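Enquirer: So the protein lines, in turn, are chains A and B.
Numbering-wise (our numbering), the first sequence opens with residue 3 and increments by one.
Numbering-wise (our numbering), the second sequence opens with residue 12 and increments by one.
No lab work stands behind these hints: they were computed from the structure.
These figures come from a predicted structure and were not determined experimentally.
Fair warning: there could be bad hints in the mix.
Covered by chain A, according to a simulated footprint, are these stretches of chain B (three or more residues, beta-carbon under 8 Å) [stated by the list, open to error]:
(1) 43–51
(2) 94–104
(3) 129–143
Yeah, the Cβ is synthetic: ideal placement off N, Cα and C, and Gly gets one too.
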Amino acid sequence: MIEVSHLVKRFGPKTVLRNLDFQVAQGEFVALLGPNGAGKTTFLRILSSLSRQTFGDVRIAGFTLPQQAAAVRRKLGVVSHQPMLYGDLSAEENLYFFARMYGIEGYERRVSEILELVGLVHRRRDLVRTFSRGMQQRLAIGRSVLHDPEVLLLDEPHTGLDQDACDILDNVLLQVAARGRTLVMTSHDMARVSDLASRFDVLTRGTIQASIQHADMPVDGLLTFYRGVLANAVAEKEPA
Amino acid sequence: MKEDTTTPVLAAERKEKISAERRGFKETATPFLRAILAVAWKDLASEWRSREVVSAMLVFALLVIFIFNFALELDPKTRSSLSSGILWATFTFAGTLGLNRSMAVEKDGGCLDGLLLAPVDRTAIYFGKLLSNLAFMLTVAAIVLPIYSILYNVNLFNPGLMLVILLGCWGYVAVGTLLSSMAVQARTRDVLLPILLFPVAIPVLVAAVKASGGYLSAAPWIEIAPWVNVLLVYDVIFTAVAFMVFDYVVEE
């Protein structure tokens, strides 16, 4: 579903992603872990066609980026730590707007389904600026799955959410994953990702340093794996 | 009185016909046109709720014309010759304020990314923003003109002048929307937009001032026509340029 090879991204003289290779099969839920500044957000922005790679090949659902960006965007849903919603529109109006942008036929029914999915039916006519951060993030998830995308990219979706909001968010993500959709999520919350994902990739120093596949990964095991990868990366950088 | 049993049936048929016509429009409207209308609708609906952009533009425009009115103690002859310049200075300053705010709303909360992720030609976003920005500028013009007319004692209600205002505003907003989408990426966006916009907008402003002045002084068409032509050419060129480059301007 996602094939990335020899990906390089430079911002002026600074190289953020170095020769990165990454493959995800359909239906996989991949957690992309890494310290701050590792290049996770940049990588997701390239996958979501918001940024252009300097070198390398990126293919999503059979379409190449950046040449077939519009076709890729039709297959993608994106959630970031920013809600990408308009505060002066109601929850329903926000979803209607994005449904029109995605050309969804009969979108009124679909919007109702989505509001049901994210538990915001009772607030459908309220302005988004009156919503809590958790409610906004739930609506943002709703916006991202409105067109039933094959791939969902999530950039630290749990940031700033309380426990209940995180639980609701996880529940929605698991429902999406259960429908055979492909998910790639960046996060610093090991406990959450160990419950959700089935594969864990560590991105540091601009490339994927290690990957582990485990359907029921314990948090301790994940933490040990993650710290070990980071320690190796530091040791490689500064040889004794 | 005999009950008309056909009425509900006819009403239902009529309703179905109207709904089919609407559906027909929706189905035939291209994704491009649909996206343009969606973006414009979103901006107008947001503005209707917040009244953030138009109220700021309006207050600013009124302040400018009041300041000019009281600062320049002009005789009637000089006043009529300066009217078009003051009018366009007012529209320009207020317009810049609106353009800045309109794009800043998209940047806040990552909304611009949300728009760019839609699977439509990105120039649809430009044209949607252009339509809403034009609507804001023309709304301000519609309110400012009568007040200006009273304060400066000039009759501004001339169809030719209205056409010049429409063409001038279109040109200004066409280039302003493009440059504001460029400036919004920068930290210094509030300062950057006027610096980028005013030099590029000089031709449209000069032509608009000259054409408006011509109409206000009841000059013959032959004197006004070249300036109206400049406005038309500017509008076409900058709308076409924006159509070609918008995709690159908004890309990271």
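Enquirer: Against each hint, give a clear statement of whether it holds in the structure.
Expert: Checked hints:
no.	hint	in the structure
1	43–51	holds (count 5)
2	94–104	violated (count 0)
3	129–143	holds (count 4)
The structure shown violates just one earlier hint, number 2.
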